[in-house]
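J.: Using the sequences provided together with the hints, build the complete structure.
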Amino acid sequence: MSTQNVASRQISSPSAPIPLGEMVRRSRDVAGSVVLLILALPLLLVVACLIKLDSPGPLLYRQDRVGLNGRVFTLFKLRSMRIDAESDGPRWASEGDPRVTRIGHFIRAFRIDEVPQLFNILRGDMSLVGPRPERPCFVEQLNLVIPQYGDRATILPGITGWAQINYPYGASVEDARVKLIYDLHYVRNQTLLLDLYILMMTVRVVLFRVGAR
Numbered sequence: 001m002s003t004q005n006v007a008s009r010q011i012s013s014p015s016a017p018i019p020l021g022e023m024v025r026r027s028r029d030v031a032g033s034v035v036l037l038i039l040a041l042p043l044l045l046v047v048a049c050l051i052k053l054d055s056p057g058p059l060l061y062r063q064d065r066v067g068l069n070g071r072v073f074t075l076f077k078l079r080s081m082r083i084d085a086e087s088d089g090p091r092w093a094s095e096g097d098p099r100v101t102r103i104g105h106f107i108r109a110f111r112i113d114e115v116p117q118l119f120n121i122l123r124g125d126m127s128l129v130g131p132r133p134e135r136p137c138f139v140e141q142l143n144l145v146i147p148q149y150g151d152r153a154t155i156l157p158g159i160t161g162w163a164q165i166n167y168p169y170g171a172s173v174e175d176a177r178v179k180l181i182y183d184l185h186y187v188r189n190q191t192l193l194l195d196l197y198i199l200m201m202t203v204r205v206v207l208f209r210v211g212a213r
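Numbering-wise (my numbering), the sequence shown opens with residue 1 and increments by one.
There's no promise every hint is true.
[What the hints assert, rightly or not] Taking CB as the label site, the calculated pair distances span:
1) 174 <-> 151: 17 to 25 angstroms
2) 168 <-> 18: 17 to 25 angstroms
3) 96 <-> 188: 32 to 40 angstroms
4) 203 <-> 175: 22 to 30 angstroms
5) 40 <-> 204: 16 to 24 angstroms
6) 63 <-> 37: 32 to 40 angstroms
7) 141 <-> 45: 37 to 45 angstroms
Source of the hints: derived by calculation from the structure; they are not laboratory data.
Ideal placement from N, C-alpha and C gives every residue a C-beta, glycine not left out.
T.: Below is the structure:
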């Protein structure tokens, strides 16, 4: 049989059925994102005006992140830093980061800057719950020094996750090493019940500003 015939058979063969758990999780993600966007709309309008008044630059910040199976996608956030924040190259945010604008400190403290990631969920780039998506430059660095770091990418990244509620914002290789333990625990033990617990605990993290920078 020719290579062309084999390829055509592979293309025309039916795709594997989607597991029920994934269908339920996707339905939850879409429904939850729509509801949260509707509820957050008045707040987003106010914050959008404050961002534009506070500093020059675009309202939204777009950044490449690594998602499922290493695929790079564009992540959306409300801009919380000056437009020249990375004029000297990419780096992690730090405690009391001087690049953060005045309104940026507020929206980062209460995770309001991450609300536009709900659009990433609707696009299929992310889930409500999963490992935090990292930037390609950092993933490349961390893959070299942390064994199994790439295993985080076997599921969709999330706005919140097991590592996010159990460990503060990571800003170093050692932080990433510790957070990987939590991420791999979630990858190997994810259930809809665990997701519900993580979502409930995320409310506590947001209200009490745990790990914000």
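J.: Now, for every hint given, state plainly whether the structure supports it.
T.: Consistency of the hints with the structure:
Evaluation of the 17 to 25 angstroms hint for residue 174 and residue 151 yields a pass: the beta carbon distance comes to about 18 angstroms. Taken as a hint, the range 17 to 25 angstroms is violated for the pair residue 168 and residue 18, whose Cβ atoms sit roughly 35 angstroms apart. About 36 angstroms separates the C-beta atoms of residue 96 and residue 188, a value consistent with the hinted range of 32 to 40 angstroms. Take residue 203 and residue 175: their Cβ atoms lie about 23 angstroms apart, and the range 22 to 30 angstroms holds.
Checked against the given bound of 16 to 24 angstroms, the beta carbons of residue 40 and residue 204, roughly 18 angstroms apart, stay inside it. A beta carbon spacing of about 20 angstroms between residue 63 and residue 37 contradicts the range 32 to 40 angstroms that was offered as a hint. At about 38 angstroms, the CB distance of residue 141 to residue 45 agrees with the hint of 37 to 45 angstroms.
Hint compliance for this structure: hints 2 and 6 are broken, all remaining hints hold.
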